[in-house]
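Asks: For this one, chain F is given, so just place chain A on it according to the hints.
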Amino acid sequence: MPYTPHFVAVLFAAAVLAGFFGALLGVGGGIFIVPALVLMFQLPVKIAVAASLVSVIATSNAGGSSYVEQHITNLRLGMFLEVFTTIGALSGSVLALYLREWVMLMLFAALLLYMSWTAYITRHRDDQRIASGGYGSAAPDAWSRRLELSGRYHDQALDRPVEYVVNGSGIGASVSYLAGVASGLLGVGGGVLKVSAMNRYMNVPMKAAVGTSKMMIGVTAAVGSILFYLAGLIHFYIVAPVALGTTAGATVGTLVMNRLRSVVLKRIFAVLMLYLAYGMLVKALALRFHILLPSLGS
Amino acid sequence: MPTPPPNSPRLHEAPANVYKVVYSALLWGMVGSTVLFALGVLRALSQHLSISLGPAPHWGWTQTWTGLAHLDPTALMIAATVLLILTPVARVAVAFAAFAVDRDAKFTLVTGIVLAVIVLTVILGRLGLH
Numbered sequence: 001m002p003y004t005p006h007f008v009a010v011l012f013a014a015a016v017l018a019g020f021f022g023a024l025l026g027v028g029g030g031i032f033i034v035p036a037l038v039l040m041f042q043l044p045v046k047i048a049v050a051a052s053l054v055s056v057i058a059t060s061n062a063g064g065s066s067y068v069e070q071h072i073t074n075l076r077l078g079m080f081l082e083v084f085t086t087i088g089a090l091s092g093s094v095l096a097l098y099l100r101e102w103v104m105l106m107l108f109a110a111l112l113l114y115m116s117w118t119a120y121i122t123r124h125r126d127d128q129r130i131a132s133g134g135y136g137s138a139a140p141d142a143w144s145r146r147l148e149l150s151g152r153y154h155d156q157a158l159d160r161p162v163e164y165v166v167n168g169s170g171i172g173a174s175v176s177y178l179a180g181v182a183s184g185l186l187g188v189g190g191g192v193l194k195v196s197a198m199n200r201y202m203n204v205p206m207k208a209a210v211g212t213s214k215m216m217i218g219v220t221a222a223v224g225s226i227l228f229y230l231a232g233l234i235h236f237y238i239v240a241p242v243a244l245g246t247t248a249g250a251t252v253g254t255l256v257m258n259r260l261r262s263v264v265l266k267r268i269f270a271v272l273m274l275y276l277a278y279g280m281l282v283k284a285l286a287l288r289f290h291i292l293l294p295s296l297g298s
Numbered sequence: 299m300p301t302p303p304p305n306s307p308r309l310h311e312a313p314a315n316v317y318k319v320v321y322s323a324l325l326w327g328m329v330g331s332t333v334l335f336a337l338g339v340l341r342a343l344s345q346h347l348s349i350s351l352g353p354a355p356h357w358g359w360t361q362t363w364t365g366l367a368h369l370d371p372t373a374l375m376i377a378a379t380v381l382l383i384l385t386p387v388a389r390v391a392v393a394f395a396a397f398a399v400d401r402d403a404k405f406t407l408v409t410g411i412v413l414a415v416i417v418l419t420v421i422l423g424r425l426g427l428h
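One line per chain: the protein sequences are F and A, in this order.
The opening position of the first sequence corresponds to residue 1 in my numbering, with each subsequent residue numbered one higher.
The opening position of the second sequence corresponds to residue 299 in my numbering, with each subsequent residue numbered one higher.
This is chain F alone, in the form it adopts within the complex (with noise of 0.2 Å):
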């Protein structure tokens, strides 16, 4: 295959978007870049998958050092969090030797699709709670409290500081948890669902979630990437436009982001969800069923 500048240029271009919309989202980029490498590159999916475990990195360190300089990430929240998705995404590798995917699959569509819900009818909920200061009046759980996760950060939107007490710890944990166990059975980011743990469950601002799962998704991406790299699966003149095109669009979406009202983050984060469920739900009636859907490139 020719190495040209066309090749190179419509491979950035791609990466641009996923980075810009994987910065706005706090996910990794990895749903847009795969299917954009397999269907309109014909590459192959392994070879595909690396290149996005890759960019996953790339978005997450310009991202995160963008969201990490305006205080929007919350430090000690995300690594108390890491611990459980770096666990996580252990035992799923450990998993996959003994669970059906087609069973897992559909368990993280039906949490996909039910966190997709409450997303969206929770979309004013977010600007709400911050004009009414309900964020920062929550009561901390032990753990919240012992570890000092609570945090604070300058809403550009709404012109305006906002600080938020964590709790909800358990169930953030948990979902964290599952999170890492879906990236290292099913080889996503799981950005989704850690944004969706810290906003749903532990009363953490949309943005303060974004910023924070922003950080978190690298180091889950490079222990993958780091397996992809011993295994020789990283074709780096793949990588390199890729990772060069998800960089520059995580850096433009970090400028927008904090600038979005969070309601229209969450509706974009609704969508984005139900088509995630929909892809494993594809994919599962094919493996189990035989049932072929139209896959949305998914």
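In case anyone wonders, no lab produced these hints; they're calculated from the structure.
You may find that some hints are simply not true.
[Said to hold, decoys possible] Partner residues are not named here, just some residues of chain F that face chain A (Cβ under 8 Å, in silico):
(1) Val-8
(2) Ile-47
(3) Ala-62
(4) Leu-75
(5) Glu-82
(6) Ile-87
(7) Ala-89
(8) Leu-147
(9) Tyr-229
(10) Leu-230
(11) Tyr-237
(12) Leu-244
(13) Thr-247
Computed from a prediction, not measured in an experiment: that's the story for all the values here.
From the three backbone atoms N, C-alpha and C, an ideal C-beta is built for every residue, glycine too.
Replies: The following block gives chain A in isolation, referenced to the frame of chain F:
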């Protein structure tokens, strides 16, 4: 700004030096890998290469260093990929060190566990778990 109720904890963030070292680790990892990737792509385009989608060639460290000295595109992209992959791990390591310097025992332990799990996963991966 809402006033936290009496049972609310003080809302304070991780120490500024932890934010600073984490930001620096992520930023320099991103800048370094971006420069190397960009150089690699430009060199590859200037040489009108054809690429194969077969298994990636294995390059040892000596070959990579020699390639870097000659601005070989493959060597540049390998170095960029390694730097990129190690950046989040380095971020956890510097946070571990920063929390230790601050004598924050709880978060030194938390980041230490994360580092240990990463190392364990890589070891198990090398043993063929994945």
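Asks: If you test the structure against every hint from before, which numbers come out violated?
Replies: The structure conflicts with no hint, since it agrees with every one listed earlier.
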